[in-house]
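Undergrad: Chain residues, written in single-letter form:
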Amino acid sequence: MSTEAIPAAPATTLGRANHPAARLLIARHHLRWWETLPWLAAAAFYFVFPDYLGFGTSLMITILFALSLDLALGYAGIITLGHAAFFGAGAYTVGLLAFHNIWTEPITSLMLAALAAAAVGVASGLVLLRTQGLTLLMLTLCTMALLQEGANMAHDFTGGFDGLPSLDIAPVFGVFEFNPLYPDTQYLYTLAILFVCFIFIRTLIYSPFGQSLTGIRENLLRMHAIGAPVRRRLVVCYTISAALAGIAGGLWAQTNAYVNLSALDLDRAATVLIILILGGYGRLYGAFVGAAAYMALEHFLARIYPTAWQLGLGLLLVVVALYARNGMLGLGEVIWRRYRARRTAS
Amino acid sequence: MNAAIDFASILLGGLAAGTVLFIVSVGLSVTMGLMGFVNLAHGAFAMFGGYIIVLAMNRAHFGFPVALALGFLGTAALSVVLEQSLYRRLYRAGELDQVLLTIGLIFIFMATLTILVGPQSQPLQLPSELGGQINLGFMQYRTYSIFLIVVGALIVVGIWLAFERTRIGAQIRATVDNRRMAESLGINVDRLFTITFAFGSGMAALGGGLGAEFLGLDPQYALKYLVYFLIAVSVGGLGSVVGVYYASLLLGTLDFILKLYLPKGGTIFIYVLTILVLLWRPQGLFGRKSA
Amino acid sequence: MAALSREAYGIMTELRLETRALSRRFGALVALQEVDFKLAAGARHALIGPNGAGKTTFINLLAGALPPSRGRVLLKGEDITDKKQAARVKLGIARTFQINRLFRGLSVLENVCMSVAERVGAAPTMFYPVGRRTDVIEESMHLLDVLKLAADAAHRVSELPYGRQRLVEIAIAIGLKPDVLLLDEPAAGVPSAESHIILDAIERLPEHIAVLIIEHDMDLVFRFAKRVTVMVGGALFAEGTPREIEDNPQVRAVYLGQAGRG
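So the protein lines, in turn, are chains A, B and C.
As numbered in this note's numbering, the first sequence has no gaps in its residue numbers, which increase by one up to the final residue, 346.
As numbered in this note's numbering, the second sequence has no gaps in its residue numbers, which increase by one up to the final residue, 1291.
As numbered in this note's numbering, the third sequence has no gaps in its residue numbers, which increase by one up to the final residue, 2262.
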C-alpha cells in the first residue's frame, strides 16, 4: 500500500499527457476529414442545382438557427420553445433599418441584428434562467408571444400582420447585388456567414467554456459543488445563442427582402426544435442533418400532401421520442459502434 | 344602472369563457402535478372529445347529455390506450422527450381529424333548452353562458370534494405531495395515474364540446389554444384544482375584456401578467414550492 | 501513528471550520439544533449517528448548499454564513455527495478536469480548445495516478463499477485542492469487495486537509478517524476519540447497539 500523499507537484514534462485518455482530450478538437463534407456539399450544390439556390439559402439559414438553438438546448440544457424571439429580433432589426431607409449595408446590419438579439437574450436570460422545467418553458414561450404581440401592436412601424415588404438591401461590399431572380448572391453570402458563425460555434464548443456547459447540462448540482458560477455561464451561453439566432433572422430578412410576424411565431420555434432533435442535439452536426432531412421532406411532401406530411411528421416524432432520442446522428453512432464491435469480434 | 349591467354582462361573458378554459385545463393540471409529465397533447384530447360530442349531435342526432357522455367516455378510453402504450414509457425521461412525444401526438390528431372529418369548422347546435336568454332578475343574459358558469362551479366543487373526502382523492393528494412516500405507503401510483389521466382527458373532452360554441372546433384547435391551457395550468399551480379554477377565470375574463377593448394586440397583457406571476411565484399561485 | 513534530502539531491544532449554534428547520421539522462544532486543520473527524439524525443536512449547511435558520459558520475564523456554495468552494471547502453526482457521459479524466479547470480559472475561456490547457490535463492525470484510477481515465464514468465511480466522486473534490473536505458516506453503496479502494484513498489524503466524514461503516470510522462526533435528532450527542465513543454506554444504547465492537 503506497503512502504517497496527494497531490504532489505535477511533473513538468508531458509524460502524463501521453496517456491515451489525455491524448484523446488534447486532440478532441482536431478537424476530422468528414467535417469538410458539408462545405464541399454546399459548394457543389451551387453548381449542380442552380435552380434550387433559393431552397439552399433557406436551408442554410435554418441550419444556423438550429445551431444557435443547439448551443442553448443541446449543450447548456436550456429547454426553450421561444427561440424565435431572437430570430425575430434580428429579422425586424434588419427589416426596420432597411424599410425606413436608415441603414441598408448588409454585413453591418447583421451585426446590429446580432446585437439587438443579444440584448433581448441577456435581458430575458438574466430574468428567466432562475427558473427551470415547465416554468422556464412557459416563460420562454410567453416572452416570444409577447414580442410577437408587441410587433403586431406597433403596426405603424412594423407593418403588423402584413409585415415590411420589398426591403432595400445594399450590395455586399458594394459589388454583389441581391437580386430576387438570381439568388446567387444570397446563396454565397449566406454560405459565407454560416461558415464564419460555424467556426465560432465550433471553437466555443471545444473550449473549456463549452465543456463547462456540458457539465451544467449533465449534472447541475455537481457544477454548483465545484464552485462554477452556473447562472452566469447560462446567461452568457443564452446571450450568444440569441445573437446567432438573430443573425439567422437577419439573413432571412435580407435574402427574402421581407419581414413579417411569422419570424416570431410559435410555429417557427417549434419547427426548429423538432429539426434539432430529429438531427440529434448536442452533437454540433445534428443541426445540419436535421435541417437537411426535414426541409427536403417538407419540400417534396408538404406541398403535395400537406395532411399526410403532418401525419407522417407526427408519427416520426413519436417514434423518435420513444426509440431514437438522440436523433439521426445518435442512431448513426449506435450503428457505427455495433459495426466496430462486430469487426473487432470477427 | 346601465353601466352596472354592462359590467355584469362583460363579467359573465368572461366567467363563461374562463369556465370552459377551466374544464379543459383541470385534467392537465392534475396530471402534471401528479406525474410531472409535460403533456402538450392535452388540447388534442379536448379537440378529439369535442369532435365526438359535436358529431354525435349533428350527424347521429344524439341528445346533448348523451353526446357529452359519449365524448367523455370515448376520450377517456382513448387516453388509457395511449397512456399504456406510449406515455408510460417516458415517465422517467426528460422534459424534452415528453415534449417531443406529445407534439407528435398533436400532429397525428390534427391530421387524422382532417382526413376523417375535413378541415372545416364544426358548428355546435345548442339544444333548445339552453338557447336564448335567461332572466337573472336585474338583467337578461345568454342561457348557455349561465349554464356554463354553473356547470363549472359544480365541477370544481365536485372535484374538490372528491379530493378531500374520498379515499382516491386522498391518494392523489398524497402522491402529488410526495410520490416516493406515497409509493412506500403502498399506493399503486401507476394505476392512480391511469385513472387520473383518463378522468382528466374526459374532462378535456367535455370542455372541448361545451366550448365549441365560441372557441370553435376545427383541426387547428389543439395548437391554437395550447398556450392558454398551459398558462392556466402554470399560473394556477400544478396539481391544484382551485388554482387552475381561479387562474382560468382570471385568464378568461381578462382575455374577454381585452378582445373587446383592445382587439389588436391586447393579449400582450396576458403574456406580461403570466411572466410577472411566474417570476414572482414560479410554482404558480396555488402550487407547491419544491424545497 | 508516527509522532508529530512540534511544527506539525502547531498546524494541526489550528481551527479550520467552526459552527456556532447552527440550526436549520424545515417548517415544523427541526433538522439541526444549536450545533457547536469545531474542525481542526489536519483533522480526521467522523460524524456518525442514526439515519435522519441531520448529518447530511449539516454537510449541506457547511458547504453552503442550504442556508441556516440560525447560527454562524466560520472558516479559518472568518464568518462565511452568508456566502453561497460557489464562494465557499473558492475559499477551500469541497464536498462529496452520498449518491454519486458525476458527469456520467464524460470520461473519468474529463470529470476530474472539470473541477481542476474551475479551480485554476481555465473554465470560462471560450476561444481556445480544452486540449491547449495541458496543465489542467496533467494535474488531473496525476491525481488519477495517485488514486489508482489512471487505467480508467479514458472510460466513460457510466461504464465503471460503482466502487470506482465513488472514487471518481472523491477525485473531483480533491481536484479543488480544498482545505476542508466533507465526505458524505464515501463508502455508501460500495460492495464490500471494492470498499478497500475507498479506504486506501481516504487514508492517503494530504495531512493538512481537515476531513469530516459521515459514515455508517464502523470499520472505516475506527480505522480512519482520530475524533468521532455522534449526532442524534439534529443535536450533538457525544464527542471523543473512537475508543471513548465505543465505550460510552449511552452511545451504545442509542446507536451502536448492545452488540458493539470488541
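Some clues are possibly wrong.
Short derived list, chain B residues pointing at chain A, Cβ under 8 Å [said to hold, decoys possible]:
#1 Leu1086
#2 Leu1101
#3 Phe1107
#4 Leu1116
#5 Val1117
#6 Ser1121
#7 Val1150
#8 Leu1154
#9 Val1157
#10 Leu1161
Source of the hints: derived by calculation from the structure; they are not laboratory data.
Since we're looking at a predicted model, the values are computed, not measured.
Don't be surprised by glycine CBs; every beta carbon is placed ideally from N, CA and C.
Undergrad: Which constraints among the numbered hints does this structure fail? Numbers only, ascending.
TA: 4, 5, 6, 7, 8, 9 and 10
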